[in-house]
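> In case you want the letters, here they are:
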Amino acid sequence: MSATAQEIPSVTSSRKPRKGVHPVILAVVWIGALVWLIPIVGSVLTSFRSFEDFTSNGFWSIPESLTLNNYIKAWGQMGIDKYLLNSFIITIPALIGCIMLASMCAYALVRFQFKLAKPLYFMFVGGLLLPFQMLLLPVFRLTNDLGIHNTYWALIFFHTAFQLAFSTFVLRNFMKTVPASLFESAMIDGAGEWTIFLRIAFPLMLPGIASLATLEFTWIFNDYLWALVLVTDNALKPITTGLANLRGQFTTDYPLIVAGSIIACTPTLIVFFALQRYFIGGLTVGATKG
Amino acid sequence: MVQTPIRTVNRQQRAFNQFLAIFSFLAVPLLLYTVWVIYPTFRTLYLSLTDWDGLPGPINFVGLENFQRLITEEPFQKSIVNNILWIIVFITVPTSLGLGLAMVLNTEVKFDRFLKVAYYLPLVLATVVAALVWARGVYSPREGLLNSFLALFMGDAAYKIQWLGDPNLAIWSVIGAAVWRQVGYVMILYLAGLKTVDAEVLEAAKMDGAEGWTLFRYMVFPMLAPVTTIVVVISVIDSLRSFDMVNIMTRGGPFDSSNVLANYMYLSFEDYRMGYAASIAVVLFAISLVFIFFYLREVMRQEEGQ
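In order, the protein sequences belong to chains A and L.
Every letter in the first sequence is one number past the one before it in our numbering, and letter 142, counting from 1, is 142.
Every letter in the second sequence is one number past the one before it in our numbering, and letter 163, counting from 1, is 163.
No lab work stands behind these hints: they were computed from the structure.
Misleading hints may appear alongside valid ones.
Straight-line alpha carbon distances no greater than 25 angstroms define the calculated SDA-like cross-link-like pairs of lysine to any residue that follow [unchecked claim]:
#: 1; chain 1: A; residue 1: 115; chain 2: L; residue 2: 303
#: 2; chain 1: A; residue 1: 176; chain 2: A; residue 2: 119
#: 3; chain 1: A; residue 1: 118; chain 2: L; residue 2: 14
#: 4; chain 1: A; residue 1: 115; chain 2: L; residue 2: 85
#: 5; chain 1: A; residue 1: 115; chain 2: L; residue 2: 297
#: 6; chain 1: A; residue 1: 73; chain 2: A; residue 2: 93
#: 7; chain 1: A; residue 1: 118; chain 2: L; residue 2: 42
#: 8; chain 1: L; residue 1: 78; chain 2: A; residue 2: 132
#: 9; chain 1: A; residue 1: 176; chain 2: L; residue 2: 304
Residues on chain L that point at chain A, a partial pick, calculated with CB under 7 angstroms [claimed, not checked]:
#: 10; residue: 104
#: 11; residue: 205
#: 12; residue: 213
#: 13; residue: 237
#: 14; residue: 278
Think of the CB as a built atom: it goes at the ideal place given N, C-alpha and C, for glycine as much as any other residue.
Construct the entire structure; sequences and hints are all you get.
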């Protein structure tokens with residue numbers, strides 16, 4: 001649809017309307033944006049204040065002094081460092097596993113003409129919207145039966161399997177845009193399917209994988225429910241349930257909790273700002289083609 | 001007749017080779033998906049008809065008893081009402097705000113990148129962090145951002161407002177925080193959708209004198225219909241999935257006033273009322289199915305359009 005508009009340049013058509021936005025509307029958008037940022041900017045400021053300053057002077061006061069103590073305390077004493085490490089130990093293998101398997105799925109669903117290709121694809125699409133609660137009890141039980149409840153493996157396996165639906169969906173649509181002739185000429189040269197997959201299809205999927213990986217990283221890293229259900233040992237908790245746990249212990253010290261929260265967000269924020277274009281690309285898959 | 005057997009063998013051989021190839025790619029992912037997603041889905045359907053208490057041992061089949069009990073119990077009724085409120089707010093407020101923002105930011109606006117980031121930054125934060133920030137930083141009665149701001153106008157009376165502690169306010173406060181996260185998401189979806197709107201068609205309409213609201217109402221909005229379908233489905237599904245926010249901010253309290261199905265299901269699981277918890281999950285699933293159907297239909301339509 002969009003291709004026609006882009007390929008034929010015409011003098012009259014411009015991608016964006018020429019008339020500017022009404023100043024009042026623009027002002028509302030600006031005020032809205034600033035209001036939207038208040039909780040975030042406020043949190044960052046709060047994290048540099050001392051507990052006494054914050055409680056006695058309130059949120060809107062000018063900080064008496066700025067301190068890094070909350071961060072130092074959160075990192076060492078509260079064990080945020082340990083939780084953060086756990087999050088990476090869980091997220092990275094799950095991410096790699098999920099993308100490897102999903103790219104295999106995507107390749108098979110696009111490359112081969114077989115009756116089950118469409119039904120399998122729709123099974124994955126349907127799985128995208130499944131309520132997590134529908135899986136909670138059997139998955140909890142399954143990890144117990146496999147003896148992996150309360151280990152990193154429980155979360156690694158579950159995330160790998162559950163995220164297959166979305167990942168296959170994204171990569172399969174990405175694969176669809178690759179001309180089939182590329183594979184056929186490789187076929188004629190005598191290459192086997194796995195060679196074609198590894199040498200041609202996988203490298204071609206890399207831009208799609210970049211979008212997918214930024215999004216999946218954020219999702220797996222930020223998961224709360226499954227971490228809550230599958231890992232109860234404090235030493236193994238990822239950052240999300242770790243933080244929730246700390247909230248219980250340090251109920252009153254908000255600046256400390258906020259410092260911990262900001263540390264918790266740093267990896268996803270880095271991924272987001274470094275790969276913003278891919279992140280947005282990933283989010284909009286499914287809503288529009290391409 | 002003489003030649004065909006060789007060909008059939010070849011064809012069979014080729015079909016078998018293709019089957020092997022397909023199998024080698026799909027076996028592992030499908031096995032994983034079946035064990036961790038497909039089987040659990042059906043297992044939960046079965047468990048909802050039992051009185052399983054989470055312990056190993058015989059599981060008793062009790063028919064629809066869980067569901068009968070469910071509809072008479074107050075926490076469930078409150079949860080379902082709250083889920084409906086959540087859905088209504090989600091398909092109206094963030095959707096229209098996100099669409100409006102997308103319309104504005106799709107034009108030539110200075111600092112549009114900053115504005116976009118401001119609106120979708122909340123989406124990048126973990127829900128756990130967003131929930132902590134809102135529960136403690138924004139809604140906290142004494143030092144929270146909201147009450148200390150209101151105090152500038154209302155004086156000390158503002159400090160009495162219990163955003164999360166008042167049963168009449170709690171659910172609205174939680175939904176408010178969730179809306180804060182959702183607006184940017186909808187905006188991104190519509191911005192992507194607007195890129196596919198045919199600029200030439202719009203230009204032609206403008207030549208015919210269509211402008212402002214008319215142009216939007218009769219040209220742009222209808223062209224965005226597929227995006228709107230997806231946005232509505234995603235909003236509903238996100239509403240039904242709302243767990244993190246509720247669990248962290250209020251745990252469904254006070255007195256289940258801010259409970260939702262996803263959280264109520266989790267609390268029942270914590271209480272070892274597994275069969276009962278499964279039946280709540282099935283209710284959630286049943287509501288989701290309607291929207292999964294709409295979503296699938298939209299995806300299928302795009303599929304045929306290729």
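> Decide, hint by hint, whether the structure agrees.
How the hints compare with the structure:
1. A:115 to L:303: 16 angstroms, holds
2. A:176 to A:119: With Cα atoms ~16 angstroms apart, residue 176 of chain A and residue 119 of chain A stay inside 25 angstroms; holds.
3. A:118 to L:14: Status holds; Cα separation ~21 angstroms.
4. A:115 to L:85: 42 angstroms, violated
5. A:115 to L:297: 19 angstroms, holds
6. A:73 to A:93: Roughly 29 angstroms separates the two Cα atoms, so the pair is violated.
7. A:118 to L:42: 22 angstroms, holds
8. L:78 to A:132: OK: residue 78 of chain L and residue 132 of chain A at ~20 angstroms, within 25 angstroms.
9. A:176 to L:304: 13 angstroms, holds
10. 104: 5 angstroms, holds
11. 205: Not OK, violated: residue 205 of chain L not within 7 angstroms of chain A, min 11 angstroms.
12. 213: Violated. Min distance 12 angstroms.
13. 237: Check passed: Cβ of residue 237 of chain L comes within 5 angstroms of chain A, closer than 7 angstroms.
14. 278: 6 angstroms, holds
Checked against the numbered hints above, the structure breaks hints 4, 6, 11, 12 and satisfies the rest.
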